[in-house]
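**Q** One-letter residues, chain by chain:
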Amino acid sequence: MDTSQYLGIFLDEAREHIQSLSDQMMILEQEPENQDAISEIFRAAHSLKGMAGTMGYKRLQHLTHVTEDCFSDIRSGSMKVTSELMDVLFQALDAIEGYVNSIQETTDEGEDDNENVVNEINRIRSAETGKGEAPAPAKEQKAEGNASSAPAAGPSDKALYRNMKLDDSAKDVMKDAISGGKHVLGFTVFIEESCLLKAARAFLVIKALEDMGDIVATDPSTQDIEDEKFDFTFSLFTICDEDMDKAKEAMLAVSEIAEVVGEEFNESNIESIGAGNAKAAEAAAEQEAEAEKEEVRETKEETAPAVKKETAPAAKQQANTKPQAKKPVISKTIRVDIDKLDSLMNLVSELIIAKNTIVSAADSSDTSNQALNEQVEYLESVTTNLHEAVMKVRMVPIESAVQKFPRMVRDLEKKLDKKMQLTITGEETELDRTVVDEIGDPLMHLIRNSADHGLEHPDERAANGKPEMGTIFLNAFQDGNSVVIEVGDDGKGIDVEAVRNKIVERGLASEDVAAQFTDKEVIDYLFDPGFSMAKKVTDISGRGVGLDVVKSNIESLGGDVSVKTKLGEGSTWIIRLPLTLAIIQALMVIIGDEKYAISLDSITTIENIPSSDVKLVQGKEVIQLRGTVIPIVRLSELLGFDTTEQKDDMIVVIAKKGDSQAGLVVDELIGQQEIVIKSLGKYINNDRIISGATILGDGEVALIIDANALI
Amino acid sequence: MDELEKYVEDKATQYIVVNLGIEHYGIDINYIDNIVRVPAIRRVPNVQNYFKGVINLRGEVIPVMSLRVKFDMPENEFTGNTRIIIVKVDPQAAIGIIVDEVEQVMDIYDSQIEKVTGEKKEESNGYITSVGKTERGLVSILNLATVIGEKEQA
Numbered sequence: 136m137d138t139s140q141y142l143g144i145f146l147d148e149a150r151e152h153i154q155s156l157s158d159q160m161m162i163l164e165q166e167p168e169n170q171d172a173i174s175e176i177f178r179a180a181h182s183l184k185g186m187a188g189t190m191g192y193k194r195l196q197h198l199t200h201v202t203e204d205c206f207s208d209i210r211s212g213s214m215k216v217t218s219e220l221m222d223v224l225f226q227a228l229d230a231i232e233g234y235v236n237s238i239q240e241t242t243d244e245g246e247d248d249n250e251n252v253v254n255e256i257n258r259i260r261s262a263e264t265g266k267g268e269a270p271a272p273a274k275e276q277k278a279e280g281n282a283s284s285a286p287a288a289g290p291s292d293k294a295l296y297r298n299m300k301l302d303d304s305a306k307d308v309m310k311d312a313i314s315g316g317k318h319v320l321g322f323t324v325f326i327e328e329s330c331l332l333k334a335a336r337a338f339l340v341i342k343a344l345e346d347m348g349d350i351v352a353t354d355p356s357t358q359d360i361e362d363e364k365f366d367f368t369f370s371l372f373t374i375c376d377e378d379m380d381k382a383k384e385a386m387l388a389v390s391e392i393a394e395v396v397g398e399e400f401n402e403s404n405i406e407s408i409g410a411g412n413a414k415a416a417e418a419a420a421e422q423e424a425e426a427e428k429e430e431v432r433e434t435k436e437e438t439a440p441a442v443k444k445e446t447a448p449a450a451k452q453q454a455n456t457k458p459q460a461k462k463p464v465i466s467k468t469i470r471v472d473i474d475k476l477d478s479l480m481n482l483v484s485e486l487i488i489a490k491n492t493i494v495s496a497a498d499s500s501d502t503s504n505q506a507l508n509e510q511v512e513y514l515e516s517v518t519t520n521l522h523e524a525v526m527k528v529r530m531v532p533i534e535s536a537v538q539k540f541p542r543m544v545r546d547l548e549k550k551l552d553k554k555m556q557l558t559i560t561g562e563e564t565e566l567d568r569t570v571v572d573e574i575g576d577p578l579m580h581l582i583r584n585s586a587d588h589g590l591e592h593p594d595e596r597a598a599n600g601k602p603e604m605g606t607i608f609l610n611a612f613q614d615g616n617s618v619v620i621e622v623g624d625d626g627k628g629i630d631v632e633a634v635r636n637k638i639v640e641r642g643l644a645s646e647d648v649a650a651q652f653t654d655k656e657v658i659d660y661l662f663d664p665g666f667s668m669a670k671k672v673t674d675i676s677g678r679g680v681g682l683d684v685v686k687s688n689i690e691s692l693g694g695d696v697s698v699k700t701k702l703g704e705g706s707t708w709i710i711r712l713p714l715t716l717a718i719i720q721a722l723m724v725i726i727g728d729e730k731y732a733i734s735l736d737s738i739t740t741i742e743n744i745p746s747s748d749v750k751l752v753q754g755k756e757v758i759q760l761r762g763t764v765i766p767i768v769r770l771s772e773l774l775g776f777d778t779t780e781q782k783d784d785m786i787v788v789i790a791k792k793g794d795s796q797a798g799l800v801v802d803e804l805i806g807q808q809e810i811v812i813k814s815l816g817k818y819i820n821n822d823r824i825i826s827g828a829t830i831l832g833d834g835e836v837a838l839i840i841d842a843n844a845l846i
Numbered sequence: 155m156d157e158l159e160k161y162v163e164d165k166a167t168q169y170i171v172v173n174l175g176i177e178h179y180g181i182d183i184n185y186i187d188n189i190v191r192v193p194a195i196r197r198v199p200n201v202q203n204y205f206k207g208v209i210n211l212r213g214e215v216i217p218v219m220s221l222r223v224k225f226d227m228p229e230n231e232f233t234g235n236t237r238i239i240i241v242k243v244d245p246q247a248a249i250g251i252i253v254d255e256v257e258q259v260m261d262i263y264d265s266q267i268e269k270v271t272g273e274k275k276e277e278s279n280g281y282i283t284s285v286g287k288t289e290r291g292l293v294s295i296l297n298l299a300t301v302i303g304e305k306e307q308a
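Protein sequences appear in the order of chains A and B.
Here this note's numbering = 1-based position in the first sequence + 135.
Here this note's numbering = 1-based position in the second sequence + 154.
Hints listed in this document are in silico derivations from the structure and should not be mistaken for laboratory results.
Keep in mind the model is a prediction, meaning the values are calculated, not measured.
Check each hint, because a few of them may be wrong.
As the list claims (entries may be wrong) - Taking lysine to aspartate or glutamate pairs in the DMTMM-like style, the calculated list, with each CA pair at most 25 Å apart, reads:
#1 LYS539(A) x ASP552(A)
#2 LYS475(A) x ASP244(B)
#3 LYS490(A) x GLU214(B)
#4 LYS730(A) x GLU803(A)
#5 LYS817(A) x ASP244(B)
#6 LYS817(A) x ASP182(B)
#7 LYS817(A) x ASP187(B)
#8 LYS550(A) x ASP587(A)
#9 LYS310(A) x GLU398(A)
#10 LYS730(A) x GLU214(B)
#11 LYS750(A) x ASP777(A)
#12 LYS792(A) x GLU562(A)
#13 LYS475(A) x GLU214(B)
#14 LYS242(B) x ASP474(A)
#15 LYS792(A) x ASP587(A)
#16 LYS242(B) x GLU835(A)
#17 LYS215(A) x ASP171(A)
#18 LYS242(B) x GLU485(A)
#19 LYS817(A) x ASP226(B)
#20 LYS730(A) x GLU809(A)
#21 LYS817(A) x GLU214(B)
#22 LYS364(A) x ASP346(A)
#23 LYS310(A) x GLU327(A)
#24 LYS701(A) x ASP663(A)
#25 LYS637(A) x ASP647(A)
#26 LYS193(A) x ASP222(A)
#27 LYS242(B) x ASP477(A)
Please model the entire structure based on the sequences and the hints provided.
**A** Rendered as structure tokens:
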């Protein structure tokens with residue numbers, strides 16, 4: 136069977152299972168007795184194994200099998216969760232991930248058998264339980280054989296329709312039908328396992344029944360049956376004009392139907408439907424279906440798994456474990472290639488440029504045309520909404536970028552021999568997909584940095600009266616039109632004087648100059664390439680390639696990074712990212728004789744200030760605005776215009792960045808406009824005041840001033 | 155026979171030959187995206203002096219540089235013959251190069267090309283890879299990567 140068409144689904148699901156394994160194993164390590172976590176791990180490992188088997192990845196299957204056995208022992212209580220065991224299991228998880236990565240890159244799982252991990256697991260297992268590789272658990276065999284053995288069992292075991300849950304209204308309908316002289320029939324249909332088009336077969340069966348009467352209920356739902364989201368069996372109830380035998384005959388006439396089990400119901404036994412106390416083995420399929428539904432709800436609510444899940448046939452897992460595909464129960468989703476969204480965004484950009492052209496044409500036409508103006512306004516609001524809608528489509532929670540960190544911190548804890556915990560809040564905060572893809576590395580760097588440089592060793596912490604367990608936190612939240620991500624720790628903080636000495640030591644500034652630096656200026660040196668404070672280089676950090684990369688990565692996303700620190704209390708790195716990259720609302724201004732755009736996000740107010748109000752403080756021009764002293768920047772000077780002529784009144788655009796403000800002096804205001812940001816390309820070196828360009832309605836190019844760079 | 159052999163062994167590359175004053179320069183046609191007349195150029199403040207600014211080329215913002223300034227030649231007024239050669243060394247980043255005039259498209263055979271080495275190479279700042287000897291005279295073949303890529307230290 137050609138499975139290549141399922142590769143994408145396999146990879147997506149495998150990643151979900153690996154993530155779920157990782158999450159739950161972290162929980163298990165903290166709470167070795169947590170049954171829910173064990174069950175969840177077992178389920179994920181089992182699904183993974185089943186999928187790997189179906190896809191023909193033998194090594195992956197073997198490794199997950201060994202891992203699963205291990206969890207099976209843990210669950211049954213014959214093995215204890217030890218630190219040593221968890222280490223090996225995490226190694227196994229890494230190896231599993233390695234296989235999946237290799238499959239993603241080459242569609243092949245590779246040649247590595249990861250024997251050392253397998254052997255290590257078996258060694259621990261045999262030491263703990265006496266079981267090793269050799270006794271392949273009979274339970275497993277049984278679980279896998281479940282589907283095929285089902286048809287061989289007695290008829291009552293196969294009458295799965297008896298376990299179907301029917302609501303009262305359905306039962307009432309059926310009772311009415313019985314009193315109306317019709318036949319109420321319950322069936323469980325078994326399709327041959329060699330069948331490739333089981334949905335089509337199921338459809339034919341249902342069609343045959345519909346010719347004779349009405350289908351009251353099916354399990355799984357008809358939608359799921361159509362989507363092939365079922366194992367080789369399904370159950371249904373029908374109100375039929377014909378009797379049992381005719382209906383059965385019609386169903387068996389469909390090819391590749393192995394068996395049909397059914398019975399006729401009367402008023403008295405209808406109530407027993409769904410209440411049947413079928414044995415666990417018979418109910419496995421049913422329970423699984425329930426568990427799946429439960430899981431969908433769980434993932435939605437992000438609560439810990441609460442339902443104990445039964446093992447189910449591996450083949451069933453393959454068909455059924457599609458949380459993504461199942462989500463439509465709650466909200467319908469589709470997967471879309473990011474390239475398609477990019478091209479959609481590009482088209483929106485072009486549309487907005489075209490719209491701006493029409494707007495300026497309508498403005499400049501002498502004869503004011505009421506109808507035209509109305510339509511132009513309408514067009515403006517439509518394009519703005521369209522842009523917002525497309526932008527929202529591209530937004531994903533930052534969760535995918537941060538979910539690997541708990542595991543990383545756990546590993547760092549062992550490696551660095553420190554005690555630490557990671558708290559994450561706001562992982563549901565949404566950002567543009569491209570930003571989320573890029574932000575993982577910088578965040579990882581900052582967390583490593585906190586773990587390595589920030590947090591002290593437990594004895595040192597105890598000596599300073601801090602809890603031995605250090606805390607690293609990651610908080611994400613939306614703030615206006617930007618998203619803020621704070622990464623910090625309660626460690627020792629940045630020793631500003633030490634950094635100052637290092638600056639002098641490295642000859643980056645003379646002692647006198649360095650002594651004049653403010654704390655902030657000193658700390659800014661940490662972002663310089665090659666500047667490392669680590670006393671010894673470790674493989675975690677200290678090579679001096681770090682913060683500068685963090686900074687440049689974040690700046691390339693249009694964001695900025697700053698740091699707050701207090702010696703002895705810890706430091707916090709604050710990353711601020713724009714919600715959207717391509718299209719912004721901007722204030723258009725004239726400086727000299729050129730048009731410039733300033734992002735509206737960074738503007739607080741616009742003021743008219745008499746020139747005489749400008750004061751000098753330490754040689755810098757400032758103004759006082761409602762009690763605050765704000766430095767002013769004469770943009771025309773900065774942009775190379777002749778500025779001898781002084782006006783009486785200045786137009787000052789007040790811009791903010793974090794807590795600091797600056798007044799940007801412009802010559803004239805044009806108004807607000809939606810602009811599409813275009814890069815100036817990599818060849819032009821400007822002093823970062825100009826962050827890009829945009830094309831105006833009349834085709835003219837205007838430059839975008841990055842107010843952040845001026846503050 | 156001789157002619158045929160020449161065709162077999164001697165590979166020809168097509169170049170756009172442009173003029174700066176009396177000098178001829180060749181640009182490998184594979185890098186050229188487009189040749190346009192000079193539109194309105196928007197000045198960008200505080201950049202390398204040879205960057206004249208940016209232009210709007212069918213909705214894309216493209217930086218343009220003056221080859222004259224880059225080569226320390228005196229600047230001149232744009233005339234009806236002045237052209238901007240849009241080149242894409244990196245497919246993601248187009249850049250425009252202002253030249254006095256586009257002369258022709260020319261096949262230059264490997265046998266006609268002489269590599270620039272040693273002293274001469276230094277003299278040209280690495281902007282020129284080789285010189286083609288053609289019936290129209292000497293054509294200096296531009297090394298686009300250095301012409302557009304080299305970032306001047308401010």
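**Q** Confirm or reject each hint.
**A** So, going through the hints one by one against the coordinates:
Between LYS539(A) and ASP552(A) the alpha-carbon distance is near 20 Å, which keeps this suggested pair within the 25 Å criterion. For the suggested pair LYS475(A) and ASP244(B), the alpha carbons sit about 23 Å apart, so the restraint of at most 25 Å is met. Annotation: proposed proximity of LYS490(A) to GLU214(B) holds, straight-line Cα distance about 16 Å (limit 25 Å). Using a Cα cut-off of 25 Å, the hinted pair LYS730(A) and GLU803(A) holds, with the two alpha carbons roughly 9 Å apart.
Taken as a hint, the LYS817(A) and ASP244(B) pair is honoured in the structure, with Cα atoms around 10 Å apart against an allowance of 25 Å. Proposed proximity of LYS817(A) and ASP182(B) is supported: the alpha carbons are some 21 Å apart, at most 25 Å. Taking the CA atoms of LYS817(A) and ASP187(B), the gap is about 18 Å. The hint holds against a cut of 25 Å. In summary, the hint linking LYS550(A) to ASP587(A) is supported, as the alpha carbons are separated by about 10 Å, within the 25 Å threshold.
Note on LYS310(A) and GLU398(A): the hinted pairing holds, with a Cα-Cα distance of about 15 Å set against a maximum of 25 Å. Distance hint between LYS730(A) and GLU214(B) is fulfilled; the C-alpha atoms sit about 18 Å from each other, no more than 25 Å. The suggested pairing of LYS750(A) with ASP777(A) holds, with an alpha-carbon distance near 22 Å, which does not exceed 25 Å. Our distance criterion of 25 Å between C-alpha atoms is met by LYS792(A) and GLU562(A), whose separation comes to about 24 Å.
Restraint check for LYS475(A) and GLU214(B): the C-alpha separation of about 20 Å stays at or below 25 Å, so the hint holds. The hinted pair formed by LYS242(B) and ASP474(A) meets the criterion: a straight-line CA distance of about 22 Å does not exceed 25 Å. With a C-alpha separation of about 29 Å, the suggested pairing of LYS792(A) with ASP587(A) is violated against the 25 Å cut-off. As the CA atoms of LYS242(B) and GLU835(A) are separated by approximately 23 Å, the hinted pair is consistent with the 25 Å bound.
Our distance criterion of 25 Å between C-alpha atoms is met by LYS215(A) and ASP171(A), whose separation comes to about 16 Å. The suggested pairing of LYS242(B) with GLU485(A) holds, with an alpha-carbon distance near 22 Å, which does not exceed 25 Å. Simply put, LYS817(A) and ASP226(B) have alpha-carbon atoms about 22 Å apart, close enough for the 25 Å limit, and the pair holds. For a cut-off of 25 Å, the pair hint linking LYS730(A) to GLU809(A) stands: about 14 Å separates their Cα positions.
Only pairs whose Cα atoms come within 25 Å are accepted, and LYS817(A) paired with GLU214(B) is accepted, the gap being roughly 14 Å. Under the criterion of a C-alpha separation no larger than 25 Å, the hint pairing LYS364(A) with ASP346(A) is consistent with the structure, at around 24 Å. The suggested pairing of LYS310(A) with GLU327(A) is violated, with an alpha-carbon distance near 33 Å, which exceeds 25 Å. Between LYS701(A) and ASP663(A) the CA atoms are separated by roughly 21 Å; this keeps the pair inside 25 Å, and the hint holds.
With a C-alpha separation of about 14 Å, the suggested pair LYS637(A) and ASP647(A) falls inside the 25 Å cut-off, and the hint holds. Distance restraint check for LYS193(A) and ASP222(A): the Cα-Cα separation of roughly 24 Å lies within the 25 Å cut-off, and the hinted pair is therefore satisfied. Restraint check: the Cα-Cα separation between LYS242(B) and ASP477(A) comes to about 22 Å, which is no more than 25 Å; the hinted pair holds.
Hint compliance for this structure: hints 15 and 23 are broken, all remaining hints hold.
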